[in-house]
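Spelled out, the chains give:
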Amino acid sequence: MATTETAGPSSGGVHAPGRAAIAARQLRTDRWWLAPAVTVTVLTVFVVYSTWRAFANADYYAAPYVSPFYSPCIATNCVNMKGGADLQIFGPWWGLSPALLVLIFPLGFRLTCYYYRKAYYRGFWAAPPACAVAEPHRKYTGETRFPLILQNVHRYFFYFALPFAVILTYDAALGFRDAAGHWGHMGLGTLVLLVNIVLIWVYTLSCHSCRHIVGGRLKNFSKHPVRYRMWTWVGRMNAHHMAFAWASLVMVALADLYVYLVASGAFADPKFF
Amino acid sequence: MSAAPGPKANGSAYTARFRVWRGDADGGELRDFDVEVHEGEVVLDIIHRLQATQANDLAVRWNCKAGKCGSCSAEINGRPRLMCMTRMSVFAPDETVTVTPMRAFPVVRDLVTDVSFNYTKAREIPSFVPPPGLRAGEYRMRQEDVGRSQEFRKCIECFLCQNTCHVVRDHEENKQAFAGPRFLMRIAELDMHPLDSAEESGLDRKSAAQEEHGLGYCNITKCCTEVCPENIKITDNALIPLKERAVDRKYDPLVWLGNKIRRR
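Just so you know, the protein sequences line up as chains A and B, in that order. Using our numbering, read the first sequence as starting at 1 and increasing by one per residue. Using our numbering, read the second sequence as starting at 274 and increasing by one per residue.
Mixed in with the good hints, there may be bad ones.
Computed cross-link-like contacts, EDC-like style, restricted to lysine to aspartate or glutamate with a CA-CA straight-line distance of at most 20 Å [stated by the list, open to error]:
| no. | chain 1 | residue 1 | chain 2 | residue 2 |
| --- | --- | --- | --- | --- |
| 1 | A | K223 | B | D318 |
| 2 | A | K219 | B | D477 |
| 3 | B | K523 | B | E445 |
| 4 | A | K219 | B | E445 |
| 5 | B | K338 | B | D318 |
Bear in mind the hints are in silico, worked out from the structure with no lab data behind them.
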């Protein structure tokens with residue numbers, strides 16, 4: 001955590017005067033390190049892979065499939081996507097990968113997500129590494145100061161995530177065409193994009209900010225029966241937010257990888273009909 | 274002390290190796306005991322057997338032995354738990370079971386800690402503000418309006434969440450500024466209460482949670498939820514909704530503008 005000094009363990013922690021004099025900083029006998037280790041491994045692999053793909057600026061379109069990392073494509077240097085979300089807002093002066101213009105939004109949504117915060121605070125910053133396992137930091141101010149106070153903008157990223165989900169839904173629908181643009185066809189890539197967008201929708205709609213906005217902020221549910229019903233639905237999904245977060249993270253990378261393999265010619269998309 | 278630890282031929286009984294912290298505020302140590310365990314027993318039973326047979330002056334706070342009074346909070350193999358709700362069957366017979374007092378609070382003696390920090394924090398939370406014009410007995414609320422608060426009222430005040438929260442467990446200096454998950458949940462409970470009239474009386478619980486009770490210290494790592502013996506979803510249902518309510522007040526200009534227009 002940026003607001004946390006890491007010069008050494010606090011003398012005011014479990015070894016503070018007056019507390020039980022136990023030399024060990026923690027006494028857990030289970031494999032408490034496993035969850036943070038898995039978190040660090042998976043997130044690191046994802047960050048490395050997505051950074052490479054975002055900067056690659058190649059092999060992101062294999063008609064009719066577009067990589068979710070490159071949609072919407074809002075620069076003129078995007079490849080022609082045959083009816084896709086190819087908006088060309090940024091002129092030819094933009095010479096870098098068009099993915100860099102849009103990925104900040106899904107990245108921000110996940111970075112400020114209440115679940116991912118738990119995961120990376122535990123995994124990367126060891127604040128704390130696991131419950132009742134003493135953290136290594138001497139001082140802690142949490143999300144009370146800059147920059148972590150900015151985590152409060154999560155709901156804005158949620159608002160931005162909605163049009164992104166709509167665009168990726170459109171991309172998945174375009175997957176029911178063949179490479180020439182004729183409708184009524186389907187391949188393995190269509191299925192990959194469909195699974196990806198379903199997972200993105202459930203992850204987005206199960207978000208804690210969404211739960212608050214649809215009804216959680218109300219004091220009297222009985223005066224707002226429709227919003228109460230929506231809050232109940234989102235609440236049910238919200239209970240699985242962690243599972244959706246991981247599933248959609250892995251799937252979005254797999255969807256991109258699939259498009260990459262097809263676009264680069266490493267693999268031919270099997271057609272169902 | 275009885276025989277060496279491990280399974281015994283005597284039916285389902287066996288001898289377990291226990292390490293129990295003994296001492297007071299001036300110092301102490303983990304001491305080893307071999308003690309008999311019978312089928313169906315919980316850790317508190319074993320602590321009572323130790324008291325009865327080997328350590329008559331062992332201090333332990335307990336009351337109901339049914340997971341409802343919240344007295345026998347301790348740390349078992351490093352995990353904050355109620356001793357009365359921790360079955361011995363979750364441990365292998367040859368496993369050493371370590372029992373220590375809660376490590377976020379000052380120790381009184383052996384397994385007993387001074388939890389008065391929590392009572393201080395409880396007093397800092399403004400209580401329910403009765404609605405004007407309604408007398409006791411005239412309150413009418415619909416189930417869907419009180420459902421959220423009812424979950425929080427399951428709290429037995431065992432203070433395991435307060436003990437586990439790293440904000441105060443690992444940083445004694447934060448005790449002044451941070452109310453802890455149990456009392457932030459209390460604020461959420463009152464703020465969601467359909468008849469609480471705090472706002473009408475000028476008390477903004479949402480902003481106060483952030484500014485006076487240290488809501489911002491919470492980095493939602495969910496340890497409070499993990500250790501709650503009542504399975505209250507403290508983080509998802511109380512702390513995060515409270516953070517979102519604080520965002521409504523302090524960080525969302527759209528909500529602020531909407532409220533201004535509606536008030537006119």
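Status of each hint after checking the structure:
1. A:K223 / B:D318: Since the Cα atoms of A:K223 and B:D318 sit roughly 50 Å apart, the hinted pair is violated (cutoff 20 Å).
2. A:K219 / B:D477: 14 Å, holds
3. B:K523 / B:E445: Outside the cut-off at roughly 28 Å; violated.
4. A:K219 / B:E445: 35 Å, violated
5. B:K338 / B:D318: 9 Å, holds
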